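Asker: So the protein sequences, as listed, match chains A and B.
Take 7 as the starting number for the first sequence in the working numbering and just add one per residue.
Take 734 as the starting number for the second sequence in the working numbering and just add one per residue.
Hints listed in this document are in silico derivations from the structure and should not be mistaken for laboratory results.
Note that the coordinates shown come from a computational prediction; the quantities given were computed from them, not determined experimentally.
Backbone N, C-alpha and C define an ideal beta-carbon position, used for all residues, glycine too.
Do not take every clue at face value.
[Unchecked claim] The calculated DSSO-like cross-link candidates involving lysine-lysine, where the alpha carbons are at most 27 Å apart (straight line), are:
#1 B:K811 <-> A:K144
#2 B:K882 <-> A:K57
#3 B:K882 <-> A:K144
#4 B:K811 <-> A:K57
#5 A:K57 <-> A:K153
[To be verified] Here chain A is said to cover these stretches of chain B; the calculated rule only asks that three of the stretch's residues, wherever they fall, bring their Cβ under 8 Å from a Cβ of chain A:
#6 746 to 757
#7 821 to 833
#8 855 to 867
#9 872 to 886
One letter stands for each residue in the lines below.
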Amino acid sequence: MPELTAVDRQIIDNLQGEFPICERPYAEVAERLGISENELLQSLERLLADKVLTRFGPMYQIERMGGAFVLAALAVPETRYEEVTALVNALPQVAHNYRREHALNMWFVLATETQGGIAEAVARIERDTGLAVYAFPKEREFFVEMKLEARL
Amino acid sequence: MDEIDRALIVATQGGLPLVARPYHTIGEQIGIAGEEVMRRMQALLNGGIIRRIGAVPNHYAIGWTANGMTVWDVVDDKVDQLGPLVGALPFVTHSYRRPRALPAWPYNLFAMVHGSSREECSAKALEIRAMLGDACRTNDILYSTRILKKTGLRIGA
């Protein structure tokens with residue numbers, strides 16, 4: 007992993023939300039951070055290219071648009087892990103996917119524009135992989151605030 | 734939400750353009766004025782359709798190399814009372830109640846914890862364990878060992 011500069015850390019710690027909606031938002035943020043607009047844009051480009059950031063932009067809450075997010079898991083035989091990863095990741099409805107240490111060793115989030123889209127995606131994954139999908143829709147959200155400061 | 738909002742989502746779900754006037758660039762892409770893009774983005778933000786606008790870091794790359802999904806089998810009549818307390822712990826980033834899948838999966842409370850080491854995560858899990866007390870029958874922690882995909886939402890054009 008590339009080393010983070012002081013500016014990188016500032017960006018990571020100050021820009022996980024509240025990016026302004028105005029004509030020159032990068033200029034506004036850059037001024038707050040004490041750097042130039044150009045330096046901010048170049049740093050963001052590099053952090054994205056180096057995969058330190060996976061994205062920069064709005065995070066949508068699809069449930070507020072009539073859609074659904076569902077956490078789901080598979081128990082994938084080790085010999086088929088790469089193949090099944092490719093099949094699951096090929097679906098645009100799969101927003102994230104993580105390998106985890108457990109008999110249920112693949113955990114992914116389905117994000118679909120309609121409620122019915124979830125069942126469709128689950129059926130498609132079961133058909134493509136021949137494995138049973140365990141779906142864990144949230145019944146209650148107790149807390150969500152996915153912000154972590156840079157620790158390097 | 735109308736067709737223009739939808740076009741706005743499709744145009745921005747992968748990220749904002751890294752140019753001086755990003756909202757104007759988006760406007761040019763979908764055929765509306767930059768001011769209209771800003772007005773609509775603000776409305777989507779106010780309505781909670783946009784949760785936030787900013788950077789999404791790769792946890793591993795910024796030093797959080799141990800990421801554990803802690804899972805708990807909490808008695809049904811206590812889970813809704815204890816869930817918010819677990820969610821309020823400063824180190825829990827998400828917490829949900831989800832259905833069990835018996836017999837394979839007895840857990841109904843999920844809470845994500847992060848650290849620089851597994852020891853740090855398991856110490857945090859112990860704090861949750863203490864908070865749940867007798868209401869918790871069994872628990873586990875599932876560490877992630879690889880990010881297989883992290884693109885976020887993608888709706889069709």
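Asker: State for each hint whether it applies.
Answerer: Verification of the supplied hints:
{"no.": "1", "hint": "B:K811 <-> A:K144", "in the structure": "holds, 17 Å"}
{"no.": "2", "hint": "B:K882 <-> A:K57", "in the structure": "holds, 12 Å"}
{"no.": "3", "hint": "B:K882 <-> A:K144", "in the structure": "holds, 21 Å"}
{"no.": "4", "hint": "B:K811 <-> A:K57", "in the structure": "violated, 41 Å"}
{"no.": "5", "hint": "A:K57 <-> A:K153", "in the structure": "holds, 17 Å"}
{"no.": "6", "hint": "746 to 757", "in the structure": "holds (count 11)"}
{"no.": "7", "hint": "821 to 833", "in the structure": "holds (count 9)"}
{"no.": "8", "hint": "855 to 867", "in the structure": "violated (count 0)"}
{"no.": "9", "hint": "872 to 886", "in the structure": "holds (count 13)"}
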